[in-house]
Amino acid sequence: MKNEKRKMKNEKRKMKNEKRKTENEKRKNEEREMKMDLEPVIGIEIHTELSTKSKIFCGCSTKFGSSPNTQTCPVCLGMPGSLPVLNKTALEYTIRTALALHCEITEHTTFDRKNYYYPDLPKNYQISQNYACLGYNGWIEISSGKGVKRIGIHNVHLEEDAGKNIHPESGDSKEYSLVDLNRAGMPLIEIVSAPDMNGANDAMAYMTIMKNLLQYLEASDCRMQEGHLRFEVNISLKPKDSRRLGTRVEIKNLNSMKVALKSIEYEIERQKEVLESGGEVDQETRLWDEAAGITRTMRTKEFAQDYRYFPEPDLVEIHITPEWREEIRKHLPELQGQKRNRFISQYGLPEYDASILTGNKLLADYYEECVRIHSNPKTASNWIMTELLRELNQKEWEPDTCPVTSAHMGNLIKLMDEGVISGKIGKQVFSEMLDTGKMPGEIIRDKGLAQITSEDEISGIVEAVMKENEGTVEAIRGGRNKAMGFLVGEIMKKSRGKANPKLVNEILKKKIGV
Amino acid sequence: MMTAMNPRMSTSMSEGRINRLEIQHVALLSRLHLTEEDITEHTVILNRILEYFAKLNELDTEGVSCTSHSINMNNVFREDVATPSLTAEDALANAPEKELNCFKVPQIIQEG
Amino acid sequence: MKVYELSVKEARDRLLQREISSRELTLGVLERIREIDPKIHAYLEVSEELAMEQAEEADKRLAKGDNISPLTGIPIAIKDNICAKGVRTTCASRILENFTPPYDATVISHLKQAGAVILGKTNMDEFAMGSSTENSGFQITRNPWNLERIPGGSSGGSAAAVASDMAICALGSDTGGSIRQPASYCSVVGLKPTYGRVSRYGLVAYGSSLDQIGPLTKNVIDAAIVLSAIAGHDPRDSTSVNKPVPDYTSYCREEIEGLRIGVPREYFAEGMDPEVANLVHSAIRRMEEMGAEIVDISLPHTQYAIACYYICAMAEASSNLARYDGAHYGYRAPDTDNIIEMYSKTRAQGFGAEVKRRIMLGTYALSAGYYDAYYLKALRVRTLIKRDFENAFEKVDIVATPVTPTAAFKIGEKITDPLTMYLSDIYTISLNLAGMCGISIPCGFTGGSLPVGLQLIANIFQEDILFRAAYAYEQSTPHHKRKPDI
Numbered sequence: 002m003k004n005e006k007r008k009m010k011n012e013k014r015k016m017k018n019e020k021r022k023t024e025n026e027k028r029k030n031e032e033r034e035m036k037m038d039l040e041p042v043i044g045i046e047i048h049t050e051l052s053t054k055s056k057i058f059c060g061c062s063t064k065f066g067s068s069p070n071t072q073t074c075p076v077c078l079g080m081p082g083s084l085p086v087l088n089k090t091a092l093e094y095t096i097r098t099a100l101a102l103h104c105e106i107t108e109h110t111t112f113d114r115k116n117y118y119y120p121d122l123p124k125n126y127q128i129s130q131n132y133a134c135l136g137y138n139g140w141i142e143i144s145s146g147k148g149v150k151r152i153g154i155h156n157v158h159l160e161e162d163a164g165k166n167i168h169p170e171s172g173d174s175k176e177y178s179l180v181d182l183n184r185a186g187m188p189l190i191e192i193v194s195a196p197d198m199n200g201a202n203d204a205m206a207y208m209t210i211m212k213n214l215l216q217y218l219e220a221s222d223c224r225m226q227e228g229h230l231r232f233e234v235n236i237s238l239k240p241k242d243s244r245r246l247g248t249r250v251e252i253k254n255l256n257s258m259k260v261a262l263k264s265i266e267y268e269i270e271r272q273k274e275v276l277e278s279g280g281e282v283d284q285e286t287r288l289w290d291e292a293a294g295i296t297r298t299m300r301t302k303e304f305a306q307d308y309r310y311f312p313e314p315d316l317v318e319i320h321i322t323p324e325w326r327e328e329i330r331k332h333l334p335e336l337q338g339q340k341r342n343r344f345i346s347q348y349g350l351p352e353y354d355a356s357i358l359t360g361n362k363l364l365a366d367y368y369e370e371c372v373r374i375h376s377n378p379k380t381a382s383n384w385i386m387t388e389l390l391r392e393l394n395q396k397e398w399e400p401d402t403c404p405v406t407s408a409h410m411g412n413l414i415k416l417m418d419e420g421v422i423s424g425k426i427g428k429q430v431f432s433e434m435l436d437t438g439k440m441p442g443e444i445i446r447d448k449g450l451a452q453i454t455s456e457d458e459i460s461g462i463v464e465a466v467m468k469e470n471e472g473t474v475e476a477i478r479g480g481r482n483k484a485m486g487f488l489v490g491e492i493m494k495k496s497r498g499k500a501n502p503k504l505v506n507e508i509l510k511k512k513i514g515v
Numbered sequence: 507m508m509t510a511m512n513p514r515m516s517t518s519m520s521e522g523r524i525n526r527l528e529i530q531h532v533a534l535l536s537r538l539h540l541t542e543e544d545i546t547e548h549t550v551i552l553n554r555i556l557e558y559f560a561k562l563n564e565l566d567t568e569g570v571s572c573t574s575h576s577i578n579m580n581n582v583f584r585e586d587v588a589t590p591s592l593t594a595e596d597a598l599a600n601a602p603e604k605e606l607n608c609f610k611v612p613q614i615i616q617e618g
Numbered sequence: 007m008k009v010y011e012l013s014v015k016e017a018r019d020r021l022l023q024r025e026i027s028s029r030e031l032t033l034g035v036l037e038r039i040r041e042i043d044p045k046i047h048a049y050l051e052v053s054e055e056l057a058m059e060q061a062e063e064a065d066k067r068l069a070k071g072d073n074i075s076p077l078t079g080i081p082i083a084i085k086d087n088i089c090a091k092g093v094r095t096t097c098a099s100r101i102l103e104n105f106t107p108p109y110d111a112t113v114i115s116h117l118k119q120a121g122a123v124i125l126g127k128t129n130m131d132e133f134a135m136g137s138s139t140e141n142s143g144f145q146i147t148r149n150p151w152n153l154e155r156i157p158g159g160s161s162g163g164s165a166a167a168v169a170s171d172m173a174i175c176a177l178g179s180d181t182g183g184s185i186r187q188p189a190s191y192c193s194v195v196g197l198k199p200t201y202g203r204v205s206r207y208g209l210v211a212y213g214s215s216l217d218q219i220g221p222l223t224k225n226v227i228d229a230a231i232v233l234s235a236i237a238g239h240d241p242r243d244s245t246s247v248n249k250p251v252p253d254y255t256s257y258c259r260e261e262i263e264g265l266r267i268g269v270p271r272e273y274f275a276e277g278m279d280p281e282v283a284n285l286v287h288s289a290i291r292r293m294e295e296m297g298a299e300i301v302d303i304s305l306p307h308t309q310y311a312i313a314c315y316y317i318c319a320m321a322e323a324s325s326n327l328a329r330y331d332g333a334h335y336g337y338r339a340p341d342t343d344n345i346i347e348m349y350s351k352t353r354a355q356g357f358g359a360e361v362k363r364r365i366m367l368g369t370y371a372l373s374a375g376y377y378d379a380y381y382l383k384a385l386r387v388r389t390l391i392k393r394d395f396e397n398a399f400e401k402v403d404i405v406a407t408p409v410t411p412t413a414a415f416k417i418g419e420k421i422t423d424p425l426t427m428y429l430s431d432i433y434t435i436s437l438n439l440a441g442m443c444g445i446s447i448p449c450g451f452t453g454g455s456l457p458v459g460l461q462l463i464a465n466i467f468q469e470d471i472l473f474r475a476a477y478a479y480e481q482s483t484p485h486h487k488r489k490p491d492i
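Protein chains in written order, with the working numbering: chain W, 2 to 515; chain F, 507 to 618; chain R, 7 to 492.
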């Protein structure tokens, strides 16, 4: 017994030593690798304008593109004596978003003033949330290189947007700026992620899925051109597998996903170079310079930032009862996964089609409208995934800003299914619609593209082609059925693609007598 | 222009609760241009007042909640309805300088 | 009796009886202003044309006999921090010297709907920061009872105008005593309503969580008439409370039998002028004789109220006044090279010394490293002060105190010493911190013929009790009938 025990002990010790050895080696290797292998740690703040009809604290319209300072009032101009009153829909959109991001909803949420001077901020404080944000501790899943990855959401809060500063060319005179306050007081959600992204790919996946989610929630239109989505990025680098975070750099002024991505890629490389050449990264805020394609240190960093947040005395506490919260949860709009499953069951689409179509809420809406106009779900899916998406990607259009609307598309498919035009002509009509925005019926009429369905007319063409190809006709009669295709092709060519192929086949067969 | 020094680091007891550097820092945050004389005057008066404010430290407020609003109220909203705005002319009527229906201001220095 | 000497109630009765017209009344008051104001300097701007238009409009309403309200045709003066569309609103500050609001404050809308006649804008301490109206950026207002003395502040112009019959009544605003204290110094009635009772929309903010608009009038029933007209829920002010507005005049009855009146011992402490203390004590004794029960109470955190109040008010003010920067309206410093220089010079040139001081202190109290020690500490002490009152109102219906430790002081006496000026607010600021309502009513004169006021404080939304007690006391004394010799 004793021997047995000792033996076992020895064995164990041996194993332990071996283990220690390999672990030591492993660690050394890791350390070596670490020096080489720096991993980015990225957190993203998303600011998105909500799709309410009126501003967050006053009744001014949120319509985009009006002439300067025509959508302002004493409240959003920050006039002396004016007071804010919270737009309930803006709050509910924020709760909706926080719920969809699996956040804990703060039962007693409050607003705070963030104090800083800037001419696009007429009160020189922004009404925001700091001490009791609406939602905390959420998450969202993104697909990263290694599968699904969960990105933490630090908080979700509601605030007011600032106006716009315009910097005109001033020529010889003193430089100056112009301020348009139409955007001041637009409702804005800020979503602050945890630093859970480890590369540009993660960041892109996160931004894409967030944009998609916000559109699905019908909380924001997320139109980049209108500045609906803006980003701020925090980036640091750390040795892979190390837990200690590196020095963080904040990048501001990122007005689209593309720009955010470019700045992330640039900043990762910049910090890598600094660290690998033995330098240190400064903790600072940098601005993206689109023209130069680089990030730049903000010029005046001697101005210490101190926002002096304090409770907004002009607004009262918001109590979000569990009942209210659950009511909003119950009425959350259909989200992407649900819609994808419904597309599969309701329209009989393959999973692939359903995934692509629901990958963008506006595209899914486009699709459904198309099918509503003319019920041919699979053909609609094919056309949207090929013809439409190609154009959208190329021209950077959103589905609802493309000149070929769902009504155009639905009618086009209808006309094809009714045999008015062939699929081939359909493509011609599609590109015509892109150029002119005309409805398909109009194009077909104007260009005389309708199919020939008159038997007499087709018979005439068939006879003409048979006469020109007597040899082939004889060959077919002699049993070479394959040559039929050649004749059909010739007939279609002669009709300039407009002859109804089905009728052509029938008449040809009858005339040859097979 | 103000310096980048952090004034918090150098509070010396001889200057009381707030020293000249801090006065300058607060003036910068407040966007108030101060002359040397102003700084001297503020240092003297503000110290006296802050000394008086320190009286609150006599009270043990451990566990006492904060009152930021006089009356307890909650959930005051407006419905999401767009109402007429001012005309650009009215919005800009008080502007010291305007151009192209915008407020005109001197060159903006980025501050973030 | 001259028309300008009339109270709101007297003028209303004569207007209804068609004994006088609003036009005559308004002309009479405007004439009085022309005659007296060069000595008092209560008005910053008299809007004569607008006033005459409104008077004629009111006369039409009175003639038709429809849509008549208690203020139809009554000339009223407005403190210059309340916005009226198209009327210059400066807050007695150089920085807003040329500011004309494009909108009406809610109280102004109420007054216009009632058919009141707006006389003009009255002087005040710049942005309501002060206790003497000496901080006005434009002029010094004199106390009608003694031209060498201050009228109190910050609603000093409104109080002086009513006291010298240059207005039938007036509106002021009260953040820490700015209605009650000048009312006391000028021997008029001044009411600070419960926070949330009157809309703040259009009142230029000083300390947003403390500010309330209220009436300054020649007697208690007038205050009840004006409050009934301006109070009520306003969907444009989130802190305005949705409670029905009673006809406050119905509480003005000479009957206080059984009313429990608390007298806080901390309010008769050192630093108090014995003459003032005597007058207040005899007012309290008078109410006891009328059947009220006097209860000795304690408001133990009173000695911390000044520090607490000034930290809260200055912190809020530092943010509220950030918007005056020369970018969108108001004064702009000339010839600056960039935006930061424009901001700093505009504000340095546009604001007066006291305003700058409060902005600096408020900014400091909110700044990183000091937020907890000053601002949060003050918010906690505010809770304690509020609890003091809540506890007191479990035992009593109303609290009676002095308004100020002394009668009106001399012009220039305290202006060089801000802290001493702050300390004179000791009896008025606590109830702003607690949100309660309070009224100042004349309770006699010192040997030097300077007016002294009695302050009555009631729990939130108990203006009815306030009017009951104030009216009963007032009717038992002759003080409100005495007029200054000017």
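Read the hints as simulated data drawn from the structure, not as lab findings. The model shown is predicted, which means the values in this text are computed figures rather than measured ones. All C-beta atoms in this analysis are idealised placements derived from N, C-alpha and C, irrespective of residue type, glycine included. Be careful, since some hints might not be right.
[Claimed, not checked] Far from chain F by the CB rule (all over 10 Å, computed), these chain R residues:
#1 Met-7
#2 Gln-23
#3 Glu-25
#4 Glu-55
#5 Pro-252
#6 Thr-255
#7 Glu-295
#8 Ile-312
#9 Glu-347
#10 Ser-373
#11 Pro-424
#12 Gly-454
#13 Ile-466
#14 Pro-484
[To be verified] Listed next, the stretches of chain F that the computed footprint assigns to chain R, with coverage defined by at least 3 CB atoms under 8 Å from CB atoms of chain R:
#15 545 to 556
#16 562 to 571
#17 575 to 584
#18 592 to 606
Each hint tested on the structure:
| no. | hint | result |
| --- | --- | --- |
| 1 | Met-7 | holds (41 Å) |
| 2 | Gln-23 | holds (41 Å) |
| 3 | Glu-25 | holds (42 Å) |
| 4 | Glu-55 | holds (19 Å) |
| 5 | Pro-252 | holds (18 Å) |
| 6 | Thr-255 | holds (25 Å) |
| 7 | Glu-295 | holds (34 Å) |
| 8 | Ile-312 | violated (8 Å) |
| 9 | Glu-347 | violated (7 Å) |
| 10 | Ser-373 | violated (6 Å) |
| 11 | Pro-424 | violated (6 Å) |
| 12 | Gly-454 | holds (30 Å) |
| 13 | Ile-466 | violated (6 Å) |
| 14 | Pro-484 | holds (36 Å) |
| 15 | 545 to 556 | holds (count 6) |
| 16 | 562 to 571 | holds (count 7) |
| 17 | 575 to 584 | holds (count 6) |
| 18 | 592 to 606 | holds (count 8) |
Violated hints, listed in ascending order, are 8, 9, 10, 11 and 13; each of the other numbered hints is respected by the structure.
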